Amino acid sequence: MSTHTVKLTVNGKSCEGEAEARMTLVDFLRDVLELTGTHIGCEHGVCGACSVILDGKPVRSCLIYAVMADGHEITTVEGLEGSDGSLSPLQDAFWENHAMQCGYCTPGMLIASHHLLQENPSPSEEEIREAIGGNLCRCTGYQQIVEAVQMAAEKMKGGAA
Amino acid sequence: MNAPTEFRYISKKRRVKEDRRFITGRGRYAADYKLPGMLHVAMVSSPFACADIKSINADAALAMPGVHYVLTGEELAANINPLLSGLDLPEVKRLPLANGRARYAGEWVAAVVADTRHIAEDAAELVEIDYDMLDFVIDPEEAIKPEAPVVHPEKGDNIFFDKTWVWGDVEGDFKRAPHSLSLRARWSRCSTVPIETFAVTASWDDGREMLDVWASIQMPKYPEQIARALRLPVSSVNVHFDVDVGGSYGLKRGIRQTVIVSYLTRKLRRPVRFIEDRLENMAGGEMHGPDRIFDMEVAYDDDGIMHSLKITATDDCGCYPGRAPLQLGKPVSAIVGPYRIGSAQYHARSVSTNKTSQEAVRGFGQAPTNFAIETVVDRIARELGMEREEIRRRNLIRSDEFPWRIPSGSEYDSGDYHAVLDKLMEAAGWDALIKKRDELRTEGKLAGLGLSTCLEPSGGNSSFEPLFNPKNDTTTWMESCLIKVDMLGGISAMMGTSTSGQGHETLLSVSIGEVLERDPDSIRAIHSESVTALPSNSPVGSRMAIMLGGAAAGAARKIKAQLIAIAAHNFQLPEDRLVYEGGDVYVEGDPDRRLKWEQLVDIAHRQYHNMPLGSEPGLQAQHTWEVPTGGAMPAADGTVQMYPCYAFEAHIPLVSIDPGTGQVEIHDYFIGHDCGTVINPDIVRGMTFGGIAHGIGAALYEKFQYDESGQLQAGTFMDYLLPSAHEIPSVGMVKHFTPSPLTEFGQKGSGESGYLGAPAAIAGAVNDALAPLGKSIETLPMRVRDIEALLNG
Chain A
1 MSTHTVKLTV NGKSCEGEAE ARMTLVDFLR DVLELTGTHI GCEHGVCGAC SVILDGKPVR
61 SCLIYAVMAD GHEITTVEGL EGSDGSLSPL QDAFWENHAM QCGYCTPGML IASHHLLQEN
121 PSPSEEEIRE AIGGNLCRCT GYQQIVEAVQ MAAEKMKGGA A
Chain B
1 MNAPTEFRYI SKKRRVKEDR RFITGRGRYA ADYKLPGMLH VAMVSSPFAC ADIKSINADA
61 ALAMPGVHYV LTGEELAANI NPLLSGLDLP EVKRLPLANG RARYAGEWVA AVVADTRHIA
121 EDAAELVEID YDMLDFVIDP EEAIKPEAPV VHPEKGDNIF FDKTWVWGDV EGDFKRAPHS
181 LSLRARWSRC STVPIETFAV TASWDDGREM LDVWASIQMP KYPEQIARAL RLPVSSVNVH
241 FDVDVGGSYG LKRGIRQTVI VSYLTRKLRR PVRFIEDRLE NMAGGEMHGP DRIFDMEVAY
301 DDDGIMHSLK ITATDDCGCY PGRAPLQLGK PVSAIVGPYR IGSAQYHARS VSTNKTSQEA
361 VRGFGQAPTN FAIETVVDRI ARELGMEREE IRRRNLIRSD EFPWRIPSGS EYDSGDYHAV
421 LDKLMEAAGW DALIKKRDEL RTEGKLAGLG LSTCLEPSGG NSSFEPLFNP KNDTTTWMES
481 CLIKVDMLGG ISAMMGTSTS GQGHETLLSV SIGEVLERDP DSIRAIHSES VTALPSNSPV
541 GSRMAIMLGG AAAGAARKIK AQLIAIAAHN FQLPEDRLVY EGGDVYVEGD PDRRLKWEQL
601 VDIAHRQYHN MPLGSEPGLQ AQHTWEVPTG GAMPAADGTV QMYPCYAFEA HIPLVSIDPG
661 TGQVEIHDYF IGHDCGTVIN PDIVRGMTFG GIAHGIGAAL YEKFQYDESG QLQAGTFMDY
721 LLPSAHEIPS VGMVKHFTPS PLTEFGQKGS GESGYLGAPA AIAGAVNDAL APLGKSIETL
781 PMRVRDIEAL LNG
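Quick note, the sequences are listed as chains A and B, same order. Counting from 1, one number per residue, gives the positions in the first sequence under the working numbering. Counting from 1, one number per residue, gives the positions in the second sequence under the working numbering.
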């Protein structure tokens with residue numbers, strides 16, 4: 001199996017590592033770059049636990065080979081905090097609303113919601129459900145996640161005003 | 001009763017301690033632990049429903065660069081003890097890898113160990129196995145027949161368990177009652193299916209003679225089970241309970257997986273890791289849930305009063321009898337639901353088939369039983385032309401009747417079921433919902449309202465073990481907490497279990513904060529390693545709020561007593577002249593004569609000359625307690641006090657069905673819920689919403705379907721359908737608070753809430769929608785294709 005050097009930007013930092021051609025992006029992030037915040041749930045693109053943002057769009061990092069991400073920009077859950085370690089309004093709202101239990105789907109949910117709020121600062125409940133509709137959670141029944149995203153949207157609007 | 005207000009921290013809005021690490025990507029799950037020199041496992045699975053293993057040739061696999069070992073079932077069986085069975089079936093050996101015969105499609109036959117998981121998977125394909133295909137049986141009712149192929153020939157038949165209990169004058173009640181009806185209700189094989197599969201890493205250290213284990217585990221007596229299987233002292237097994245578990249809901253009991261990697265790390269002298277991929281998890285992980293046929297018979301009168309209930313539950317346990325058959329036992333705890341039914345007969349039958357085994361699933365068999373009972377109640381209402389709400393009101397146990405003993409021997413601790421139902425009907429706007437349903441009907445849709453009322457037995461104990469296995473005399477079901485107050489006044493609290501999202505760290509800190517009157521945010525909660533942990537039975541049976549909360553409060557009370565004793569000695573006053581306040585102790589009526597928390601702690605740690613004579617230095621206390629009302633063996637007639645506390649819930653969904661496609665849409669969903677005193681409102685809400693979502697999945701989508709050749713047809717998330725945010729509605733929740741008299745703060749369990757009544761309520765709503773057509777369906781899941789077939793022939 002051939003190996004390749006993959007250079008990419010993750011959470012604003014230039015990174016480089018070796019990957020076999022068949023290595024998925026999520027394995028590369030977790031095993032090579034040691035960013036274990038992104039999780040593996042199904043490895044066939046259904047559960048959304050491995051969601052990351054690639055060039056501004058949420059993707060399933062289990063369905064992308066690491067080599068395909070060469071030269072691209074990735075944001076993972078580890079990149080959502082401020083540079084001073086402060087929580088983003090979305091993270092804070094997830095905490096305030098207890099929008100998780102086991103936490104395993106949470107990074108994917110945060111990525112999906114983060115992207116939604118960047119595109120649509122005032123999403124309706126239906127739009128929130130649409131945005132997280134590709135991310136499965138077995139703990140929460142989604143309700144407190146929806147409430148968290150609504151709260152974050154409100155807070156971010158307040159902050160922007 | 002309104003929310004109690006006398007608490008300082010209990011029941012108050014408080015951020016959940018655990019959440020901070022999860023929102024920043026800093027959870028530490030089993031797959032996040034990486035050890036130097038670690039090897040990886042992939043499984044070779046049997047493709048056949050039943051087959052003898054004639055030979056295994058691993059030469060080609062072993063020749064691959066990076067492959068270290070191929071472990072067969074034969075080698076493993078020769079070097080370990082068989083795994084624990086819930087039943088007395090010595091002839092049925094449960095082993096981690098098939099030995100000689102594979103008994104279901106997907107059963108693990110060999111484990112390949114390599115430098116990477118990729119290489120292990122490649123090599124697994126090169127393992128050549130010569131099989132002889134054998135007859136098999138998939139349908140549990142076929143499996144009962146004498147001519148059926150036998151899954152375990154050593155056993156002689158496929159009946160793992162078959163027993164009937166009669167509690168009260170069942171035949172007399174049936175004779176006297178003017179009406180009776182019978183029906184069959186089917187709960188199909190589904191599970192909790194956590195998003196994280198089972199993952200485990202084991203590392204044997206020859207120098208320390210210690211096996212370290214990091215696993216996504218939720219299981220009682222896990223270290224002991226590992227030690228027994230591996231023939232090691234328990235003190236040589238160290239389970240790291242601080243591993244975050246990515247969902248479990250009762251399920252994650254990967255003892256087979258653990259024994260495989262533990263054996264391999266000892267053999268190969270390298271850390272060994274196995275992370276199930278999704279197919280390994282669904283087909284071979286032995287983590288399916290109850291798969292049950294209910295034959296129900298009820299005796300009732302013209303007023304809709306139920307007098308007696310007969311239940312035959314035939315459960316397709318799958319291949320091996322781990323704890324699965326006991327899931328027929330826990331429902332004995334609430335065998336007549338929340339109703340004043342005077343007598344009951346329970347025929348419980350656990351049947352073996354050529355399918356992957358069952359494991360414990362949220363509710364431990366109670367959700368299917370509740371579904372069957374509620375189906376009966378709705379049917380009586382339909383037969384009598386009575387409102388479903390009215391029939392429940394007439395049969396529910398009344399608030400002034402507690403404690404209420406049910407025919408099978410359990411005493412329900414407390415409740416006000418009518419009040420919860422009243423609150424729910426008001427909050428849901430029952431009349432408005434009926435109007436909305438009828439409007440949907442005029443639009444050409446089939447629409448229906450559901451109603452279910454049921455119980456969540458909580459607190460957990462082991463009573464079903466001796467009930468199902470007379471050789472098992474376990475009556476102890478304890479939980480523990482150790483509190484240390486350090487020299488600078490910091491409080492740490494230790495539990496001996498891992499957590500899979502239940503918020504145990506928050507529970508410990510709030511319970512201790514409440515007793516010691518200290519800010520819970522200042523209290524650190526720690527998951528001990530198993531070698532230093534006090535006895536625990538892990539978070540099963542909806543028990544931790546009760547048992548771990550109680551253990552924490554008990555230990556905190558001992559700390560408080562030590563502080564008061566130190567103060568009494570220093571003031572030279574009797575203890576009853578002193579007042580404890582927020583960690584300080586002052587003289588009654590003279591608050592200025594006060595020893596502050598820091599001073600008392602300092603005395604305890606540094607000033608032995610100021611300590612009461614003969615007292616223990618430092619400030620630490622542990623509390624281990626037995627489950628309330630536990631500790632008794634079942635009586636000869638099978639009556640026994642099972643779980644101590646009984647939470648109540650009532651559900652109302654409004655659904656519509658597209659008459660063309662059979663697609664069910666949930667328009668509204670309301671739940672009334674009473675789990676006594678709530679420790680953390682956000683946690684209880686979340687568990688309840690999550691339980692409802694899980695119940696909606698069981699009712700409408702989720703099924704481990706096997707085809708006629710014994711192949712699992714739902715091995716991925718493309719064919720085992722988990723509900724998403726699209727399918728799950730917003731839920732309106734109304735709370736009621738009837739404290740339990742048996743627990744520290746009046747709390748009951750809520751870890752299974754929502755799931756226990758949602759399937760019944762959804763089924764009731766679908767059947768209400770089908771009623772105008774004179775049709776009904778009593779089989780879960782009610783999938784689109786099932787409803788479409790029913791509607792359109």
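Quick caveat, the hints were computed from the structure, so don't treat them as lab data. A few of these clues could be false.
Straight-line Cα separation of at most 30 Å, BS3-like style, residue types lysine-lysine; simulated pairs [as the list claims (entries may be wrong)]:
1) Lys-12(B) - Lys-7(A)
2) Lys-157(A) - Lys-12(B)
3) Lys-7(A) - Lys-57(A)
Only part of the chain B face toward chain A is listed, based on derived beta-carbon distances under 10 Å [to be verified]:
4) Lys-34
5) Leu-35
6) Trp-430
7) Ala-432
8) Leu-433
9) Ile-434
10) Lys-436
11) Thr-629
12) Asn-680
Just so it is clear, the structure is predicted and the values come from calculations on it, not from any experiment. Even glycine gets a Cβ: it sits at the ideal position worked out from N, Cα and C.
Here is what the structure says about each hint:
no.: 1; hint: Lys-12(B) - Lys-7(A); result: violated, 49 Å
no.: 2; hint: Lys-157(A) - Lys-12(B); result: holds, 28 Å
no.: 3; hint: Lys-7(A) - Lys-57(A); result: holds, 19 Å
no.: 4; hint: Lys-34; result: holds, 8 Å
no.: 5; hint: Leu-35; result: violated, 13 Å
no.: 6; hint: Trp-430; result: violated, 22 Å
no.: 7; hint: Ala-432; result: violated, 20 Å
no.: 8; hint: Leu-433; result: violated, 19 Å
no.: 9; hint: Ile-434; result: violated, 25 Å
no.: 10; hint: Lys-436; result: violated, 19 Å
no.: 11; hint: Thr-629; result: violated, 29 Å
no.: 12; hint: Asn-680; result: holds, 8 Å
Hint check: violations occur at hints 1, 5, 6, 7, 8, 9, 10, 11; the rest are consistent with the structure.
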